[in-house]
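> Here are the chains, one letter per residue:
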Amino acid sequence: MGCETSRQRQLIILGREASALKERRKQSSGLMDFMIYAVFIGFSLITLIPFILAIIVSVSDENSVVLNGYQFIPQKFSLSAYAVVFQDGIVLNAYRITLIVTVLGTFISLVFSSMLGYMMSVQKVRFGKQIAFFTFIPIVFSAGLVPWYLVVTNILHLKNTIWALILPIAINPFNVFLLRNYFKTIPPSLSESAEIDGAGPWYTFFKIITPLSGPILATIGLFASLSYWNDFTMSLWLIDDRKLFSVQYLLYRINSMISYMSQHANMSTTSLPSETIVFAMFLIAIGPIILVYPYVQKYFVKGIMIGSIKG
Amino acid sequence: MRNGILAELWKNRAYYLMGLPGMALIFVFAYLPYPGMIIAFKNFNPLKGIFGSPWSGIENFKFFLTNGDFLRITFNTIWINVNQIVWGTILAVMFALMLNEIRNRTMKKWFQSILFLPYFFSFVIVGKLVLLIFKNDHGLANELIHYFHGDAVEWYTQPQYWVKIIVSTSIWKNIGYSVIIYLATITGIDEEMLEAASLDGASRLQKIRYILIPNLIPTIIILTLLSIGRIFFGDFALIYAIVQEYGALFPTTDVIDTYIYRALINGGQEYGMITAVGLCQAVLGFIVVAGSNWAVKRHDKDNSLF
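Just so you know, the sequences run in chain order A and B.
Position 240 of the first sequence, counted from 1, bears residue number 240 in the working numbering, the numbering being contiguous throughout.
Position 220 of the second sequence, counted from 1, bears residue number 531 in the working numbering, the numbering being contiguous throughout.
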């Protein structure tokens, strides 16, 4: 009993000391909070200001932009840039290409990657390990751009086809391994009992395994659609047919045209789209990402966390 | 034995069939190009094809190694990557620690969202934002300099600034990704340890210094080793979208990957030489990856790449 009370007393004394210490430190703590907030607000401003400026320029009157440069408070408001962009056949077509590539690409990538990952995860498949090795090698050793380019153009004849934007980046080995690792956590007894009931591997995979894998499929699917939506390198390497320009690539082409002309000052700039139109396109390219970002963010966070555990 | 393989393939044919489309894509886009690497040892002639072109021994390598480009682009590649790794790690750890200190949950969520947002921007968008800031006339940077009565800088003709600009942009774009990983590690730290420390009167800074940072070290080491594995590979999409064809910036920003691409589009006469560059890069890259993986493995078996 006596022992107990003395311990309590000790704790009370400790508590008092701690609270006194806390009191003394409150001031420095407040300073720390202030600094932390300052850093994050600074970062937010760096991210958001150019962005907000882009929005404002896109809804400004063209002439006032030419005269006064970019302004946070536009002298004259105008939606004409958007009117031009949405009536422009090239822009609309680019949008169509981006949508087709994103939807079709995500579908192909998700179905093929998950089937491959599932095959590797099934224990009775004896060559699973060898196939995992086969999938892994390209991560650490690639042939390089020239041999790849020759295969894609001369053997597969993908140049200037929509498949050039889809197939080369359809399988990301990292995603395949993420899926395999996830499927491995599903108890094999589940598929075994399904097989006893007469279900074949295809049925088991599509009707039993995939419904249990919603979150990981959503995560991988979102990673795939982001990379399809944002990719411009495949277009850069394999597309010069205007009809197959994606939104990103069209924007890239306009940017590089502007930079080319600015280096050759004597060239006329009349054939260029105006600043307001370029920024309107900029927002069209990024708008959907911003709109879905709040809803999909958590899947990406989850995906990164799973990936970092076993990478 | 042969029979055994066939029997296995037949027995589990449904599973192998499932894996086939994915494997076919990997084979076609990653394995089919491998034989093409012999172009590096040939005097390539598109008309004669890869196998018909005459051998040239190590001429291509000699040419490439002696013309000075090799040193420059390899240095640029490594230098940009080293800066990205060092500053990227320091800042990501700092941001994760700071985010962890924010008690207000709404603010914490909001800041994390903003931090992660640039990861979703395409490289073209990032290039456009960089242009918006550093344009010579009416760029945000020059407007700011103007405001403080300084002299405007012609950014796109001054190569000395661009390693910094590229590194900062890359960190800005990717920091949210690493912060998520570090924050997950921090969340995994035993709560009791932190409570015990508070009870002993440890200040926030002391807790960071003596508990949080030591617990983050394994994650830091692994992420660093993984990025060291990529040290011979430049971030093509980022650098090309930012630098484009501003020739004045090439001295400091041309990396192996952009060099190869530019050589490729500027005419196919040098296929052999470009392939030789790519081969050097692949071999050096492989050695470094294998080395860093060996190091990761020694450190923590669960996190090694293979």
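Simulated from the structure, these hints should not be mistaken for laboratory data.
Careful, some of the hints might be misleading.
Below, in silico cross-link-like pairs of lysine-lysine (PhoX-like), each with a Cα-Cα straight-line distance of 20 Å or less [claimed, not checked]: (1) B/Lys419 with A/Lys129; (2) B/Lys322 with A/Lys302; (3) A/Lys124 with B/Lys322; (4) A/Lys302 with B/Lys419; (5) A/Lys298 with B/Lys420; (6) B/Lys484 with A/Lys302.
> Confirm or reject each hint.
Consistency of the hints with the structure:
For the hint linking B/Lys419 to A/Lys129, the alpha-carbon distance of about 43 Å lies beyond 20 Å, and the restraint is violated. Restraint check: the Cα-Cα separation between B/Lys322 and A/Lys302 comes to about 37 Å, which exceeds 20 Å; the hinted pair is violated. With a C-alpha separation of about 10 Å, the suggested pair A/Lys124 and B/Lys322 falls inside the 20 Å cut-off, and the hint holds. Distance restraint check for A/Lys302 and B/Lys419: the Cα-Cα separation of roughly 17 Å lies within the 20 Å cut-off, and the hinted pair is therefore satisfied.
Restraint check: the Cα-Cα separation between A/Lys298 and B/Lys420 comes to about 11 Å, which is no more than 20 Å; the hinted pair holds. Between the alpha carbons of B/Lys484 and A/Lys302 the distance comes to roughly 19 Å, so the proposed pair stays at or under 20 Å and holds.
Hint compliance for this structure: hints 1 and 2 are broken, all remaining hints hold.
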